[in-house]
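If you read the protein sequences in the order shown, they are chains A and B. Using the numbering used here, you'd call the opening residue of the first sequence number 1265 and step up by one each time. Using the numbering used here, you'd call the opening residue of the second sequence number 813 and step up by one each time.
Worth flagging that the hints you see were computed from the coordinates, not collected in a lab. Each hint should be verified, as a subset may be incorrect.
[Unchecked claim] Only pairs whose alpha carbons sit at most 30 angstroms apart, straight line, appear in this in silico DSS-like list of lysine-lysine:
1. B:K826 <-> A:K1335
2. A:K1322 <-> A:K1279
3. A:K1269 <-> A:K1332
4. B:K821 <-> A:K1306
5. A:K1306 <-> B:K882
6. A:K1306 <-> B:K826
7. A:K1332 <-> A:K1321
Note that the coordinates shown come from a computational prediction; the quantities given were computed from them, not determined experimentally.
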Amino acid sequence: QQQVKQSPQSLIVQKGGISIINCAYENTAFDYFPWYQQFPGKGPALLIAIRPDVSEKKEGRFTISFNKSAKQFSLHIMDSQPGDSATYFCAARITGNTPLVFGKGTRLSVIA
Amino acid sequence: NAGVTQTPKFRVLKTGQSMTLLCAQDMNHEYMYWYRQDPGMGLRLIHYSVGEGTTAKGEVPDGYNVSRLKKQNFLLGLESAAPSQTSVYFCASVTRTGQDYNEQFFGPGTRLTVL
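Given these sequences and hints, build the entire structure.
Put into structure tokens, the structure is as follows:
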């Protein structure tokens, strides 16, 4: 049973456009929701994270929107750039540093 | 501060051979994890450890064993490699101290091919 469902599997966005990746979860005990960015040949790296006590978190061009009642959260990349081309993973975890549960990933390509 | 390192970076095995992947971290983290990444499957947890001398099974533990004899090292073993174990393996670590929302750091990965 997949605990975190991520969509779309791949995404192509024009330079300057908005990239949106969505995730849905089932376990209401999750209380930490990070997004990881992975470039080809590299390990994933933390991009931005949110806790369920806020509905939105913004860091530069990256924003997480969180809907607790719908059990959904999404990553928005504003003014997308070719350098943003990477695979993005959403994840979730229960309090106490239990292992992160990852979505299946979204391959983003930003074209000029 | 090297963070999380993995050895080797690449390896090709024949079916039935054994090998050990080494993960080392210099951040004094208590928790360490082994994941495998396959196309379209995301990151799946193989085994993890919450401290020296302790290990636990993750989502896909079959065919793998692990050991955490030292706090800074986490070893992943394949006793009899199978083609289904062809994958990219990532190690990760996180500290237990402080707040509960600590960042999980990943290593650069080991690309394993089993023929």
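Each hint tested on the structure:
A hinted pair counts as satisfied when its Cα atoms are at most 30 angstroms apart, and K826 (chain B) with K1335 (chain A) does not qualify at roughly 44 angstroms. Note on K1322 (chain A) and K1279 (chain A): the hinted pairing holds, with a Cα-Cα distance of about 20 angstroms set against a maximum of 30 angstroms. The straight-line distance between the Cα atoms of K1269 (chain A) and K1332 (chain A) is roughly 15 angstroms, inside the 30 angstroms bound, and the hint therefore holds. At roughly 11 angstroms between alpha-carbon atoms, K821 (chain B) and K1306 (chain A) fall within 30 angstroms of each other, so this suggested pair holds.
Between K1306 (chain A) and K882 (chain B) the alpha-carbon distance is near 26 angstroms, which keeps this suggested pair within the 30 angstroms criterion. Distance hint between K1306 (chain A) and K826 (chain B) is fulfilled; the C-alpha atoms sit about 25 angstroms from each other, no more than 30 angstroms. About 14 angstroms separates the Cα atoms of K1332 (chain A) and K1321 (chain A), which keeps this hinted pair within 30 angstroms; it holds.
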